[in-house]
Amino acid sequence: MAANTISITVKIWRQSDPNSTGSFENHRLEDINTDMSFLEMLDVLNERLTLSGGEPVAFDHDCREGICGMCGAVVNGIAHGPERETTLCQLHMRHFRNGETIAIEPFRARAFPPIKDLIIDRSSFDHIITAGGYVSMNTGSAQDGNTIPVAQDKAEQAMDAAACIGCGACVAACPNAAAMLFVGAKVSQFALLPQGEPERKKRALAMVEAMDKAGFGNCGNERECENVCPKGISIRNIARLNREYIRAAFTAD
Amino acid sequence: MQLDAQIPAGALAEKWENCKFTNKLVNPANKRKYEIIVVGTGLAGASAAATLAELGYNVKSFCIQDSPRRAHSIAAQGGINAAKNYQNDGDSVFRLFYDTIKGGDFRAREANVYRLAQVSNNIIDQCVAQGIPFAREYGGTLANRSFGGAQVSRTFYARGQTGQQLLLGAYSAMMRQVATGKITLFPRREIMDIITIDGRARGIICRNLITGKLERYAAHAVVLATGGYGNVFYLSTNAMASNVTASWRAYKKGAGFANPCFVQIHPTCIPVHGDYQSKLTLMSESLRNDGRVWVPKKKHDTRPPAEIPEEDRDYYLERKYPSFGNLVPRDVASRNAKEVCDEGRGVGETGLAVYLDFQEVIKRDGLEPILKKYGNLFHMYEKITASDPSREPMKIYPAVHYTMGGLWVDYNLMSTIPGMFVLGEANFSDHGANRLGASALMQGLADGYFILPYTMGNYLAQAGACDLSTGHKPYDVAEDAIKEKTKSFLRHSGSGRKGLQTVDHYHRELGALLWDYCGMARNKKGLEYALSKIPEIRAEFNENTLVPGTGQQLNQSLERAGRVGDFLEFAEVMVRDALAREESCGCHLREESQTEEHEAKRDDEHFTHVAVWEYTGDDREPVLHREHLEFENVTPSQRSYK
Chain A
20 MAANTISITV KIWRQSDPNS TGSFENHRLE DINTDMSFLE MLDVLNERLT LSGGEPVAFD
80 HDCREGICGM CGAVVNGIAH GPERETTLCQ LHMRHFRNGE TIAIEPFRAR AFPPIKDLII
140 DRSSFDHIIT AGGYVSMNTG SAQDGNTIPV AQDKAEQAMD AAACIGCGAC VAACPNAAAM
200 LFVGAKVSQF ALLPQGEPER KKRALAMVEA MDKAGFGNCG NERECENVCP KGISIRNIAR
260 LNREYIRAAF TAD
Chain B
-15 MQLDAQIPAG ALAEKWENCK FTNKLVNPAN KRKYEIIVVG TGLAGASAAA TLAELGYNVK
45 SFCIQDSPRR AHSIAAQGGI NAAKNYQNDG DSVFRLFYDT IKGGDFRARE ANVYRLAQVS
105 NNIIDQCVAQ GIPFAREYGG TLANRSFGGA QVSRTFYARG QTGQQLLLGA YSAMMRQVAT
165 GKITLFPRRE IMDIITIDGR ARGIICRNLI TGKLERYAAH AVVLATGGYG NVFYLSTNAM
225 ASNVTASWRA YKKGAGFANP CFVQIHPTCI PVHGDYQSKL TLMSESLRND GRVWVPKKKH
285 DTRPPAEIPE EDRDYYLERK YPSFGNLVPR DVASRNAKEV CDEGRGVGET GLAVYLDFQE
345 VIKRDGLEPI LKKYGNLFHM YEKITASDPS REPMKIYPAV HYTMGGLWVD YNLMSTIPGM
405 FVLGEANFSD HGANRLGASA LMQGLADGYF ILPYTMGNYL AQAGACDLST GHKPYDVAED
465 AIKEKTKSFL RHSGSGRKGL QTVDHYHREL GALLWDYCGM ARNKKGLEYA LSKIPEIRAE
525 FNENTLVPGT GQQLNQSLER AGRVGDFLEF AEVMVRDALA REESCGCHLR EESQTEEHEA
585 KRDDEHFTHV AVWEYTGDDR EPVLHREHLE FENVTPSQRS YK
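The listed protein sequences correspond, in order, to chains A and B. In terms of our numbering, the first sequence opens at residue 20 and continues consecutively. In terms of our numbering, the second sequence opens at residue -15 and continues consecutively.
So that you can see chain A by itself, here it is in the shape it has in the complex:
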C-alpha cells in the first residue's frame, strides 16, 4: 500500500433536476492518493467544489463496501468502471493513470429516470419484486428448518443468483436497457429451491409482466450485463428465466 498520487481530470455529468438538460463539467484534481476509493475521490471533488462556492455533485452511496447496491455510475463508458465484479465504491484510484480524463455519468435507461446529477430513480426494481419476488408465507407459519432439505449444489446455485444487489448496472450496460439479469436472478433463486415451487409459474409470469410494464427492454444476448455485474451473476439465470417463463406460459393451470 505505498502512497502514490495521481492527477486526473473528471468529466462529470451535471443535471440540476429531472426536467433540465444536463451536460458534462470538467474538473482537474491534483494529488489524488491511489489508495482512495472512487467515491472518496468524489468526496474530495465535492469538498473542493463546496469550499470554492460551487455546488457539490449529487451521487447515491451508502454502505461503501459493495453490498447495498446504492452507488453506481458509468465510468469511461463502463457501468461501475473498469474493474470486473466491482461496485463503484470498491473501485480504487490505483486503477487509473496519472493525467487520465475520467468520464462519469449516471446509469441511463428509460425505466431509470434521472433525479439529479448521478442520482437516478430505480423504484421500477421494487415494482418488479412487488409483483412476485417472494415466497408467500406469513410469519409464524414455518416448519422446522431442517424439514426442508436442499441439496448443497442447489443451495449454492440459488445463492449465486440471490447475491444480486439490485444496483441496476445490468440495465445501464444493456443496449436494450433490459432488466433480464435482475429478474432472472430472483426467479432463479426461487426456481432452484423447494420453497419457491408452489408459486413458481405465477412468479415468472408476474415478474416478467411487471418488467415489461416498467419500460425495460428485452434480452438481445449481448452479455453486457454479465460483464458489468458487480456480483458476477451469470446470464445462465436469463436462460433459466426464459425456460421458467415458457414453462409457465405453456403449462399454466
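The set of hints was computed from the structure by calculation and includes no laboratory data. Treat the hints loosely; a few may be bogus.
Heads up, simulated DSS-like pairs for lysine-lysine below, C-alpha to C-alpha not over 27 Å straight-line [claimed, not checked]:
no.: 1; chain 1: B; residue 1: K356; chain 2: A; residue 2: K173
no.: 2; chain 1: A; residue 1: K30; chain 2: B; residue 2: K367
no.: 3; chain 1: B; residue 1: K517; chain 2: B; residue 2: K482
no.: 4; chain 1: B; residue 1: K282; chain 2: B; residue 2: K347
no.: 5; chain 1: B; residue 1: K509; chain 2: B; residue 2: K469
no.: 6; chain 1: B; residue 1: K322; chain 2: B; residue 2: K281
Given the coordinates of chain A, work out where chain B should sit on it, guided by the hints.
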C-alpha cells in the same frame, strides 16, 4: 421519568408465554382500523412492517435510501445465531441465553435475553421458509459455524452475505404486503421529528429528500428501527447515512437514552490508511475460526510477515486465552490488539495493525475449502488493499462497529414515550455491554418478526383509536423549529465568506476526539477533556459550516449537516455516560478499573444497572436514572475466556 421494565411474572422460561397470554388482543376485524408508522427498513424495521401488515394493520414504512432493500443490515457478513442444537454439541436455549448474558458482561436484562434465545429458533425456520439460501451440508440439512464468545457451533450463514440474504428475505416479505396494499412505502425520506400528542407518540415529520419538502404523517403508534449511532465517531463500519437523528429527536421528546457509552469496537477491520478515508470496512469475525492472530515478538520488527519465523511470532490470543483462543469475544480481541500495538509491536505502515493469518489452515485443508468459506471476504480485502490474503496475512485493526446503547425500552419494546416502540440496534435491550457475533441479526429479526407484533396489539387494544389529522399544534411547532434550523444551516450558502468549513470537517474533528478519549480505553481525565471540547466544536460548527444550495431541492450537504448537528449534541451524553460509569464492563474499559491481567473489572455493587438519560432542556444537564438489573438465574462472575 418512570422506568418500569414490565417484566412478566413467572419463572424465566415462562415469562414470554405469560406475557403473550396476558397481553390484550386486537380482534382481526379491528386491526385494519389502526395505522402504524415504521421508520427504517433494516432487519428490525422490515420484519416488523411485513409482520404487522400480515396481521392486518396499515403500515407506513419510511426509509432514507432509495429502496427498503438497501438498509445497512445488508452489510452484515458472518451469520445469525440460533439454539437449534443441530450439531448435537450441547447447545440449548439456556446456553444461548447464558452466553449472551455473559458475553454482555452481565449488563443486560435476563428476561429479554432469555426471550431472544427462545425465539431464535423460530427465526431460522421463518427465514428458511422464505427461501433464504443458507449454507447446507451435502445431505441437504442446514450448516453451522462457530463464532466468537461461544464454544458451540450455532451460527447459520449464507456465505459471507448473511445480512444481505436475511434482509432481502424481510424486504421480499414487505414487498408482498406492498402488493396487498397493507404497506405504503415512503423511500428517500428522513425523519426530522416525532410528534407527541397528550404524551403519546402520534406521528412524524420527515423531509422528502428529493423535493426538500417537509411532510407530516399521523398514526396510532410509531416504531423506530433506525439503527445505531456508531457514525458519531465519523469513521466506523456503518453505512454513510447511518445516524442518530431519529433517536436523538425522540430523546428530546421524552424518550430515555440508555447506556450510550456502550459502543462495540470490532476487532477485525481493515486498518485506516489516510485522512481522506470515509469509512472502515469490516472483515467478518468468522475469519477468526480459521485465521490466527499474531504480531512479532520484537518491537518495531519491520520484516515482511513471511520472513518472520515461527519462534519470533506471538499468537497472543492463543497464548493468553488457551480455551477460546482466537474466538474470544470482540471486546477482548479488540483490547488485546490495541495493547500489542501500544507496546510497539503493531505491523504495517502505521503500526496500527495486527496479522490475521490463514497459512496454517491453507496448508492443512487446502486453498479451495477456505475460498469456499471466505472467498468473497478475501476478494473484498484484496480489492481494498491490493494484497491477497491467501498469500500473505491480512492486516486488521479494531473499528467502531455496533452500538449496544440506544433508546430505553421495556420488555414490550416500548420507550418511555407511550406508543413509541424501538427495535433492533436502535434500542438498548439485549446485548448488555458487549454484543456477541451473529447476535445482531438475531435480535433485529426477533424484535420485528416475533416480539413487536405481539406487544403492539397489547398497546393498541388499550390506547384505542384517536384523531389522525396532522393539523394539530405540535406539528406546527415542530415544523417551525425544523425550518428555522434549516435556514440557519443555509445562511452561508453563496455568501463567499472566508474561513468557512464543510460539514465533514467538523464531523472528522468530533470523530477523532471521541476515538482518542471515548474509544477502546477511557479514563476520567480524558473524558472530562472530551466533555469540555465537544461544545467548542459544536459552537464552531454552528458558526462556520458552509452548506451550499437551498432547502427546496435534493441537498446532500444539508442532510449531512442535520445529522452531524445531532451527533454533536448526542456525543456529550455519550461521554457523560462513560464518565458516570466508574467501572469497566464489556466494551467499556475505564483504565481506573482493571484486573491485574488488564481485563475489564466490573463493580457490581454500584453499577449493576442500566444508565438512562433524560433530556431536560438544551442548556441543562441531562438527568441520570437507573434501572437496576436483577440476576436470578445466573450469577455475575468475572468473565474468563482462558
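query = Are the Cα positions of K517 of chain B and K482 of chain B separated by 27 Å at most?
reply = OK: K517 of chain B and K482 of chain B at ~24 Å, within 27 Å.
ask   = If you draw a straight line from the CA of K356 of chain B to the CA of K173 of chain A, is it 27 Å or shorter?
value = Holds - the C-alpha atoms of K173 of chain A and K356 of chain B are around 15 Å apart, at most 27 Å.
key: Restraint status (C-alpha distance of K509 of chain B to K469 of chain B at most 27 Å)   = Status violated; Cα separation ~34 Å.
task = Please work out if K322 of chain B and K281 of chain B have their alpha carbons no farther apart than 27 Å.
result = Holds, at roughly 15 Å.
27 Å limit on alpha-carbon distance, applied to hinted pair K30 of chain A and K367 of chain B = The given pair, whose Cα atoms are some 25 Å apart, holds under the 27 Å limit.
key: Given hint K347 of chain B paired with K282 of chain B - CA-CA distance at most 27 Å   = Answer holds: K282 of chain B to K347 of chain B is near 26 Å, not above 27 Å.
Consistency note: the structure conflicts with earlier hint 5 alone.
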